[in-house]
Amino acid sequence: MAFLNIQCLHKRYADQTLFAGLNLSVERGQLVSLLGPSGCGKSTLLRTIAGLTDIDQGRIELDGHDISRLAPQQRGIGMVFQNYALFPNLSVFANVAFGLKQQKLDKALIATRVNTMLERVELSAFAKRLPHQLSGGQRQRVALARALVIQPRLLLLDEPLSALDAPIRRSLRQQIRSLQQELALTTVFVTHDQEEALTLSDRVVLMHSGEIIQQGSAENVYSAPVSPFAAGFIGHYNLLAGAAAASVLGRSTLSAIAIRPEAIELLDTPQADPRWGTPLAGRILSRQLLGNIVRYQVQCAEVTLICDCLNRSAADLRASGSAVWLGVLQAEVRTLAA
Amino acid sequence: MAFLNIQCLHKRYADQTLFAGLNLSVERGQLVSLLGPSGCGKSTLLRTIAGLTDIDQGRIELDGHDISRLAPQQRGIGMVFQNYALFPNLSVFANVAFGLKQQKLDKALIATRVNTMLERVELSAFAKRLPHQLSGGQRQRVALARALVIQPRLLLLDEPLSALDAPIRRSLRQQIRSLQQELALTTVFVTHDQEEALTLSDRVVLMHSGEIIQQGSAENVYSAPVSPFAAGFIGHYNLLAGAAAASVLGRSTLSAIAIRPEAIELLDTPQADPRWGTPLAGRILSRQLLGNIVRYQVQCAEVTLICDCLNRSAADLRASGSAVWLGVLQAEVRTLAA
Amino acid sequence: MRQTNQRRHHSHQPSPQHRHYTLIVWALVGLLALPLLATLLYSLASRWGATMLPDGLTLRWYLELWGEPRFLAAFARSLLLCFAALALSLALILPLALVAHTRWPWLDKLMKLLMLLPFAVPPVVGSVGLLQLYAGGPLPLVGTPWILIACFFTLTVPFMYQAMATSLKAIPLRDLLDAAHLLGASTPQAFIQVILPNLRNGVLVALFLSFSFLFGEFVFANLLVGTRYETLQVYLNNMRNHSGHFTSALVISYFFAILLLTWMANRFSRSA
Amino acid sequence: MRQTNQRRHHSHQPSPQHRHYTLIVWALVGLLALPLLATLLYSLASRWGATMLPDGLTLRWYLELWGEPRFLAAFARSLLLCFAALALSLALILPLALVAHTRWPWLDKLMKLLMLLPFAVPPVVGSVGLLQLYAGGPLPLVGTPWILIACFFTLTVPFMYQAMATSLKAIPLRDLLDAAHLLGASTPQAFIQVILPNLRNGVLVALFLSFSFLFGEFVFANLLVGTRYETLQVYLNNMRNHSGHFTSALVISYFFAILLLTWMANRFSRSA
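Chains as they are written, first to last, in this note's numbering: chain Z, 1 to 338; chain H, 339 to 676; chain X, 677 to 948; chain U, 949 to 1220.
Read the hints as simulated data drawn from the structure, not as lab findings.
Values in this document were obtained by computation on a predicted structure and should not be read as measured data.
C-beta atoms are modelled at their ideal positions from N, C-alpha and C, and glycine is treated no differently.
Some hints here could point you the wrong way.
Below are the DSS-like pairs computed for lysine-lysine, each with C-alpha atoms no more than 25 Å apart in a straight line [stated by the list, open to error]:
#1 Lys845(X) with Lys788(X)
#2 Lys1117(U) with Lys1057(U)
#3 Lys128(Z) with Lys104(Z)
#4 Lys788(X) with Lys1117(U)
#5 Lys466(H) with Lys445(H)
#6 Lys1060(U) with Lys845(X)
#7 Lys845(X) with Lys1117(U)
#8 Lys128(Z) with Lys107(Z)
#9 Lys1057(U) with Lys785(X)
#10 Lys845(X) with Lys1057(U)
#11 Lys439(H) with Lys466(H)
#12 Lys845(X) with Lys785(X)
#13 Lys128(Z) with Lys101(Z)
#14 Lys1117(U) with Lys1060(U)
#15 Lys1060(U) with Lys788(X)
#16 Lys442(H) with Lys466(H)
Partial selection, computed: residues in chain U whose CB lies under 7 Å from chain Z [unchecked claim]:
#17 Ala1039
#18 Leu1121
#19 Asp1123
#20 His1129
#21 Leu1131
#22 Asn1146
Please take these sequences and the hints and turn them into a complete structure.
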């Protein structure tokens, strides 16, 4: 039995159906990402779990108990918000202590637990500061400490990194993941950033229009999208259909196919290989240096394919207009549901 | 003689020296990116070229003529702003026509040229809309059309993409580049995003604290940084010094070295190769799936190295804790100035 | 976007534990509306003595009011004074606001401070001070409409400046001017073609509000000029011992005129 | 950040073509400051007849003023009225603003409309209406301080509500409440511990401004209560035919007291 279990969730607002029978389960200690474009319902789903948005029908179980009728105060859930939601009038220490004070714990005990938690997020030196005196990354670490210090049964993260700059985002991502694993804390993480979801999660749940489109490990969701939406949202897939698909596959097909740009090998000679069969002849249309990746647009007969290579050395770069052979790794060609 | 020539530019504001003898030249038809962290002076430099910020000393030449004393109106320069700076009370058509109206051109001629330009940026259908009725990407295309329709001698782009979402950013990037190449328009592009600078430019100029640190082709700047700042800003380089550098190189060195994560080959066996010499034994600490790249942290004796591989197939992924051999491409190891 | 909306929607759902707040709200609304309703009824009553409700309804008081030449003259004078003060205000404050937002930010700070002045010098204090100053001096302004126009102008400064400052802050002023310059427009051309049209709605709203406020001004008008140039408010004050029904009709007429103006101001601010 | 600052700096540089605006600015400042300076000089003058400058300086008028029991009594009455109205305002408007921003956004819109009411019903109109209403009815409120407290309360509503609305908009109210709830706080606990402390400075500024405004109120006080409960402003009006020097001393005393309050309000708004 899963630790968090959402069964047949229904929610309408005004004339709009937000969820119609949504099911989701999260195992104990797992970090699950809800990934999707804005408006897909991922944040609303998170808020229904927290009890901040009520539901029309359905059941939310946490550790075997139905919590769907409980007030947010009684659910034992910690949450981190996109805009930090730190209490602006309280110091870092008082922010983190807030939850424990509500439990009327002993002052000395509160101080010990808060200080331990502040050390853990490397903010002991900032205990007396007010939130507005901190950087964005520091604020979010305070918010994380505040949510964790009450030892919640479940941690909810609502796009906690999207207000931050790229380098801070990366380092805080690491810190969240290692804290979560250390505490073996069941966690639901909402994001619209596919890289974030892929790097952080034990399981990725891809949502669209209030429905779950696909779920699985990061590797699985990334390399085997089930629909054109999934393929388009999660990577730079080459999406092909009909004659174009047939010409690349070398056989006719009725379904659309998706090929990741990094699953196409650029060859100097038309060497055959069991992994890619007979290579396709092509000509390079353009080259883009993206940093550690070089992205080529290659014209193969009627089809334009995107191919990604590692930027190993400047000497290996191919010029626009030069002829190449493409080895499409057959095992990585995905057939999509229509 | 370069088309745009900035010589010995000096600029102070209050007690702060912004530029002390900066030189920059841009060839006719080139797109040059000014890349650097915020506060490095790249936007101020752009504004001095446009005449929106005056200079203390120095000379700015455009096509052989000194323009440094001309008013912005007389310089014949088009500019696109980060926040679009569209005139909110005017329609898309009137925005684009604004510059031509100031030239008191014939109404019919104005209409022809505006419509041609709107077609070019694929906004003919939106001519009657007001700016607030457009999406961010559409607004920036209007701003681009408005700057281009006056047939400027020089186009300046001040972080034109940084207010936009990732997918729109990528497609508009392409569109800007192809328009610029089609019109053979000399262009200066300001950005803080290294991927943007690398993909777009004929030449990348890396700035820091009002000085030019390094300039050259995207390939050159990316693969041969001259300083730790350049290496840190432009990629995820492994930066090593002293004993760590010596242990990776296999010989002692006085300078710091920088190795790109994608210039390290992960090997199953310790096979020697002229490109990397004797491989280093290592153990995988962690694995991150970033999308088309898989990033491994590998412990090699005392040193932790980051290695990037293409995410070819799920079967090729290596587990944490497994032993690997690292082939460091010797030709790609950069020695840095201190 | 959609999520934000949803989130906001959820917070609207009435919850039973907060229903008792309704009482407070409606009590307050009632408190504010009651005097007005009573006045309306009184202005329509033919006679209203010791009984709970009036004896009958009539439009007599309204007809009497709108046939009274002294009322119409006071009305015209009030209009004239207001328009003069507003024209002066527009002509002086608009360039000032533009300069404060493009060239001299310290001027903006100064204006923000000056805008507190009407609080620091309430009308009665100000008019007593002005009386001392101008009554005997070389410029015998007291009793003339000129001093009132100057006073009214001063009263509009905070409204007008605030409205312009808000409108100017709402647009990326610096970038719009830069863009216009690079496209070949001079600074006056840029202001006329690009900046002023974006201020129009904000300034219209400020003009409407200022007008309502000035039209209702009484202290300065009464103390500085009084019956020598009787404005509507002064007339109203002088009539207060006339028939109660008559003055009620005046109050209600007045109220609906101002309501119309307020509604127009609201319409403009919405289309802004 | 640095770039934005630089850009802003550049726009500050005075440019010769705009120097003629300086004239307008200083003319305006002078226009506003001149009456005050003249009053100050007059209040310190021993005699000031037909000459350009006064004959001598003295503090006599100030000593006379601050030794006058009628003045001190009026001063105390004004203080009492203001404090009562502000206390009432705080007690009613604070819960209303909280509810309008968490539960019922329509209430916020309604309040925004009601805040235009003081423009629609200027004091003299309002007081004439109130006179009609309460003079003869079952509640003989006219002439008592109670009616004035009610009026003053109404006058403070726009200030107080606006200040609270601004403070509430400046914090992510919904998220703060959600965070507090998830950490175990009930709604009242969350308001007291998290929301109210963040409103403190804004509300204090509104209280100071309202106080300045009420303290200077004259029309309602004079028409509704008059000499039966003489406030400071009414006293000032009644004294206006007394010695010019004496009233000037009053005006200046008054001005500095309000200046002090304004300065305090400013300090609080800066530390906010």
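Hints and how they fare:
Between Lys845(X) and Lys788(X), the direct Cα distance comes to roughly 14 Å. Compliance with the 25 Å bound is thereby established for this hinted pair. Among the hinted pairs, Lys1117(U) with Lys1057(U) is consistent with the structure: their alpha-carbon atoms are about 14 Å apart, no more than 25 Å. Taking the CA atoms of Lys128(Z) and Lys104(Z), the gap is near 21 Å; set against the 25 Å cutoff, the hint holds. Note on Lys788(X) and Lys1117(U): the hinted pairing holds, with a Cα-Cα distance of about 21 Å set against a maximum of 25 Å.
Restraint check for Lys466(H) and Lys445(H): satisfied, since their Cα atoms lie roughly 17 Å apart, inside the 25 Å limit. Among the hinted pairs, Lys1060(U) with Lys845(X) is consistent with the structure: their alpha-carbon atoms are about 21 Å apart, no more than 25 Å. The hinted pair formed by Lys845(X) and Lys1117(U) meets the criterion: a straight-line CA distance of about 18 Å does not exceed 25 Å. Proximity of Lys128(Z) to Lys107(Z) is assessed by CA-CA distance (about 17 Å); at most 25 Å being required, the pair is judged to hold.
Restraint check for Lys1057(U) and Lys785(X): the C-alpha separation of about 30 Å exceeds 25 Å, so the hint is violated. A C-alpha spacing of about 23 Å is found between Lys845(X) and Lys1057(U), which places the hinted pair at or below 25 Å, so the restraint holds. Proposed proximity of Lys439(H) and Lys466(H) is supported: the alpha carbons are some 17 Å apart, at most 25 Å. Restraint check for Lys845(X) and Lys785(X): satisfied, since their Cα atoms lie roughly 14 Å apart, inside the 25 Å limit.
The straight-line distance between the Cα atoms of Lys128(Z) and Lys101(Z) is roughly 17 Å, inside the 25 Å bound, and the hint therefore holds. For the suggested pair Lys1117(U) and Lys1060(U), the alpha carbons sit about 14 Å apart, so the restraint of at most 25 Å is met. Proximity of Lys1060(U) to Lys788(X) is assessed by CA-CA distance (about 23 Å); at most 25 Å being required, the pair is judged to hold. A hinted pair counts as satisfied when its Cα atoms are at most 25 Å apart, and Lys442(H) with Lys466(H) qualifies at roughly 21 Å.
The closest approach between the C-beta of Ala1039(U) and any C-beta of chain Z is roughly 22 Å, which is over the 7 Å cut-off, so the hint fails. Taken as an interface hint, Leu1121(U) does not check out: its beta carbon lies about 10 Å from the nearest beta carbon of chain Z, beyond 7 Å. Interface restraint check: Asp1123(U) against chain Z, minimum CB-CB distance 4 Å, threshold 7 Å, status holds. Because the closest C-beta pair between His1129(U) and chain Z is about 4 Å apart, less than 7 Å, the hint holds.
Taking 7 Å as the C-beta contact cut-off toward chain Z, the hint placing Leu1131(U) at the interface holds, the least distance being around 4 Å. Nearest Cβ of chain Z to the Cβ of Asn1146(U): about 5 Å, under the 7 Å cut. The hint holds.
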